[in-house]
Every structure is written in structure tokens, then in C-alpha cells.
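Line by line, the protein sequences are chains R and P. Mapping to the UniProt record's numbering: the first sequence position 46 is 46, numbers consecutive. Mapping to the UniProt record's numbering: the second sequence position 346 is 346, numbers consecutive.
Bear in mind the hints are in silico, worked out from the structure with no lab data behind them. Beta carbons: idealized from backbone N, C-alpha and C, even for Gly. Be careful, since some hints might not be right.
As the list claims (entries may be wrong) - Computed footprint of chain R on chain P, listed as stretches where at least three residues anywhere in the stretch have a Cβ under 8 Å from a Cβ of chain R: (1) 25–35; (2) 43–51; (3) 128–137; (4) 289–302; (5) 310–323; (6) 327–339.
As the list claims (entries may be wrong) - Beyond 12 Å from chain P on every Cβ pair, some chain R residues (computed): (7) Asn87; (8) Pro215; (9) Val218.
These are the residues of each chain, in order.
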Amino acid sequence: MSETHTSLTPVTLRQTDEGRFRRALHSLIHGRVLLYLALAVIALIYILPFVIQIATSFKSDADAAANPVSLIPEVWTTAAYRRLFLNSDFPVWFKNSVIVTLVVTAGRVFFDSMAGYALSRLRFPGRNLIFTLLVAVMSVPMVVLLIPKFLIIKTLGIYDSYLGMILPLLIDASGVFIMKNFFESIPRSVEEQAMIDRAGTFRIFWSIVLPMARPALVTITILSFQGSWNELSHFIVSTQSPALTTLTKGVASLASGQLSAGSQYPIKLAAAAVMTIPVAVLFFAFQKRIMNTSEGSVKE
Amino acid sequence: MDVTGTQSHGATRIKHGNERLSGWLFCMPMLVILGVFLVIPITMALWVSFSDWSGRGSPFSSHVNFAGFSNYAAVLTKPGLAQSDFGTAIRNNAWYTLLVVPLQTLLSLLLAVMLNRRILKARGFFRTAFYFPSVTSSVAITVLWMFLFGASGSINAMLSWVGINGPNWFNDPRGLIQILLGSIGISKGPSVLTQHGLLGLSWWEWLAGPSVAMFAIMLMVIFTTSGTFMLMFIAALQSIGEGTEEAAIMDGTNAWQRLWHITVPQLKPTIFTVVTLGIIGTWQVFDQIYTGTKGGPSKTTLTPAYLSYSAAFDNQEWGQGAAISFVLFVIIIVMTWIQRQLMKDRKMSRRKTAYYAAMKAETLASAQSASGLGTGQGSARSTSTGDAEHV
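Construct the entire structure; sequences and hints are all you get.
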């Protein structure tokens, strides 16, 4: 330790500076050990619940109740998963979540970028008004909209239908914002070239502007997918038939419903684990993009 | 030259006529969806909150009457179950916000500061670990939490290793402050607190603190939100850069001093954002309550958002449910306004300003001297980054 210490200390340092440097370096090394220790403990706290979840989903009911901490099941069993996929509505929930998520994500990406493009690039009367309204809309807390959404869906006669589940989710104000900001950051010259060629606005948007917006498109695709896959409250107020239950609603009913507390944990945890997989896959596939979006200037 | 000039002029003119139409056409899907599923329904719900609609038929049919402020009165001023339920929900959520917002802000700040150290290896791993809970659904996490915090769940099993007999978390309605007071022998409040109250709850009940069940939910929410806010802090820290901090290290200040006197003041705008988002988010807890406790035990996890839902959908009190959601809307606006006033750049005391200025000058000076020497850590590090870039 002291060797590295001296070799790092430049000869030119004056006595007082050296003392300072020594102290600083010492606290740095000391701090580093503490830092790793703290981070390791916190990381364990963050990861352990998920490990316990997966381990428990492969246990028997009795094993799960008796050994809630052990990470290795007494007997490995896939009973929970088999029951989930073969003897429950789980496949239906999964199918509904997939349908709704795919349509909502595609719709959001398309409509958000169209609106974002218009608000950033096209000059038309009423643009500022629309923008002001959008800002106002973003400030409305979503949970306040439960009853209003139910009322309109009932009134329009689309209660308990895919239409009622999907339509209201097709626009995401924050997605419009992201696209608008992105379009403002790219140079105008390319579009101007296309205008000279007398291409229509939609063609310019579709075949020139959108391909350039790939980074922003990936961002809102991820956000939309995650948002609609994890959406719960909207499906509670827009459907009631079991055939239209999504994963969030179905698993929530598993958690609090018919099954008595303390029992059947493997199947509940298995259901929760399976519903996490698509988002987890997306997360790990795009983690660089998700977590580095604002880190551009820093190289590691 | 001349030819392209006129051409582009012509094109701009054509486009200009086009733009008016296409501008509106491009915004149309957004306008229709937000109008139909947001603006119109809010107006409808506003009517419902002033009506006696019972959920049958259309709220606009002739059988439905204008009820004035009676729904609001039932919730806010008229003594009864509706009022005390609302009071309980506000009490629960106020405690929840009061504890969750500071804790999640502090934790995410701490995680970000730790991860922002340049010396740190495996930064990506830690960041992934801390952020992962944020991407999972609140339903899945709630299911997991109910297992972990079950009466014979993982947490209680671990507590028993150190001889602690853990509570039956999600079935324990005792308030934390009441438990604390009970442990020093105070089990009944003074009559000043028990005789008077607000919204159908006595002050003693207001001061009970969050229940054990609510506390478990609070831990869960902090677990899932800290990652998102951590990323915001990391982004902010990276835009600040490490210059001043390195200088302060050279100056022999300890990590704690650096955090409070150098990092935190520079992060003020981000802290403001995180606290604002925190307040808005915590007043909207719904998913976790719906999935987990449904407001129990003894209504101690009831929140205004969930109460608004259950009043309407379970009890068919649509007017009251709508009224609660509008009151909640107002609460959220007022809370964020209060926070804005509190966190506004107040004039620092003169002593503090002077101290801060001196601190700044000193770090600046030592930064210069450190870079002038051009030795040690700084240069070693820059070479290593250079290498990394080549690879």
C-alpha cells in the first residue's frame, strides 16, 4: 500500500502538499473499500427479492411456507408453472396483454411522432394553442381519470372490448414531447432538399424524417411497451369479462382474490415472474439506451 | 444559382399552403384521442360529481338530478362514514407522502453519488441492479412483497435469525407512532387530541402514523422508484462534472462535507424535480393498494385514489367517487404549489453565503494548483480513459 503511495507521489511536491496528498489518497483508498462494501450490501437487497421469487416459484406450497428464505427448493417442481399454463386463465391473460401492448405501442409510436413532428416543424394556425393544451393535459394526474374514462367508454358503447382497452391509450402526451424535442434537434436541410423535389408532407415525414429519428423512436417504443404492459387501472375500468382480462388485472386478482393468504405462493410468484419476463428482456436488450440516454458526453 | 433560388422559393410557397392542412392533419389523432378520452370525460365526471347518478343508465338521462354540492359535502363536511373514510384516506396518504418522498429522494441521491465515482468498477452492474425494480410492473412487485412480508414470509424468517419476532405486516393496522408511544407506556391520548379532530378523525388518530401494513407498502414503493430517480441524479451529476469535487478532495475535505457543500447545492434543480414528481406520484397510489390490501387492515392503507375507485365501482356512490377524485386533483395541485414555495431559492443567510463563496474560491484555487502540477490521479486517469477509447 505504502509503495504505491510513494510511487504515485511526485518528487516536485512540496512538503505540505505531500501531506495533504497523502491524506487525500489515504481517505480515497479507505473510502473505496467502504464504497464497494456499501454498494454490495445494497445490491444484495435489490436483487435478493427476485432470486427468492424465482426459487420459490419452483417449490411446493408446503416448502414455500416452511422455508421462505431458502434459495434451493427441497424438491424442484414445475407444478406452479404447469398449473398456470395448463389449468388456469393465465394463457388468456397473456394473450390479451400481448395484443393490447403491441397495438398500443405501434399506435403510440406512430401518432406521437406525427404530432411531435407537426408541433416542431410545421407552421399552422393554432399550433401554440395545441401545444398549451398538451402541457395542460400532461399535468392531469392519471388516477383522477378512472371514473371519467369509465363514463366515456360506457357512453361510446365500447366497454368490454379491445377497442375500449386500446383506443384511450393510443396517445401518450409525454411521448409527443420526446418526439417534438428530438425533431427540433435535427437539422432542417434534409427536409428542405425534399421540399424542392416537391414531395408531400407525409412522404417527407415517412421516408426522410422518421428514419432519422431512430434513437427517439426506440426510446418511445420502450416507454410505450413498458407502460402498456404494466398498465392496470385503465383495464380495471374498461373491461369486466374474463376473456378480456390482461396479465396485470389477472395476476392482481390472483394476489388478493379467492386464494387464502399464506398459501399457494409458488403459483402467485410464478405468475408474477412470467409477467415480468417480456419487460425484463426488453430492459436487458436496450439497457445501454435506457440508462445512457443522458450520458452522451461521458465515456467509460 | 438563380434557378435553384426560384425553385426553392416556389417549393416553400407550395409547402406553406400544405402546412396549414397537414399540420392539423398530423395533430388530428392526438387531438381526437385526448379530446374524447380526456377533456370530454373530465367534463362528464364533473357533472356526475354534482349529480345523484347511481350508476344505472346514462348519467345524462332525465332521471338523474342535479344534487348541488351534496357529494362534496358528504365527503368533506357532513359527519358520517363517507367523511371519516375520506379523512382516513387523507391521513394515510399524507403520512405516506411525508415519509416516501424524502426517503426515496435521499436514497436515489445516495445511490447516484456512489455510482458516480470514477474509480468505481462494475458500475454498470450496480446500476442495472438498482434500476431493474423500476421497470417491473407494480402488480408483480406487490405479489412478491406480499410473500416477502407475509406472516411467515422471508422478512420475518430473517428477523427471527436475530431474535426479532416480526409483525404480521399486511394485517397489522397499528400506527407506527402509536406503537412507539405504546412502548413508553402511552396508550391513550390526551383529551385535547381525542376530543377534537378533522374530517371525522380525532387528532389522536391523525397522529397515529402510518400502519405497519402501510409501512411495508412504503418500503416497496421506495424499492421500485429509487432506480428511476437515481438515473435522473446520475445524469445531473455527469453534467456537473467532477472538477470541483476533485479539488475538494485534494483540499482534505471528507466525503460527507463534499456531498453537502459541493454536490447537493449544484443538484438543486434535479432535487426539485424529483421531489415534485415524488409528491405527484405518492398522492396517486392505486395499483399497490388494489393488488395488495384493498385498503385494509382496518382501512389503514386506504388512499384517496383507491377510495374514489371503490366508492364508485364497489359502492355505486358515483357522485362521491367523482367528487373525491376532483378533491384529490386539487390536493395534488396545492401540494406541488406548497412545495414550490418551500423550495424556492430562498435568500441564504449572509454567513452561509460567505462560507459558500469562500468554499468555492478555495476549491477553484486548489483545482488550479492541482492541474498546474499535472500529476497523480488526474493524469493517470486520463491515460487510462484514453486507452479505453482506443480499445
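Here is what the structure says about each hint:
With a cut-off of 8 Å between beta carbons, the stretch 25–35 of chain P has 7 residues touching chain R; three or more are needed, and the interface restraint holds. With a cut-off of 8 Å between beta carbons, the stretch 43–51 of chain P has 3 residues touching chain R; three or more are needed, and the interface restraint holds. Counting residues of the stretch 128–137 of chain P whose beta carbon lies closer than 8 Å to any beta carbon of chain R gives 9, which meets the minimum of three for the stated coverage. Figure legend: the stretch 289–302 of chain P, annotated as covered by chain R; annotation consistent (5 residues with Cβ-Cβ distances under 8 Å, at least 3 required).
Only residues whose beta carbon comes within less than 8 Å of a beta carbon in chain R count, and the stretch 310–323 of chain P has 5; three or more means the coverage holds. A stretch counts as covered by a chain when three or more of its residues have a beta carbon under 8 Å from one of that chain; for the stretch 327–339 of chain P and chain R the count is 3, and the coverage holds. Distance check for R:Asn87 against chain P: the nearest CB is about 19 Å away, which clears 12 Å, and the non-interface claim stands. Every CB of chain P is more than 12 Å from the CB of R:Pro215 (nearest about 16 Å), matching its label as outside the interface.
The claim that R:Val218 is not at the interface with chain P holds, since no C-beta of that chain comes within 12 Å of its own (minimum 15 Å).
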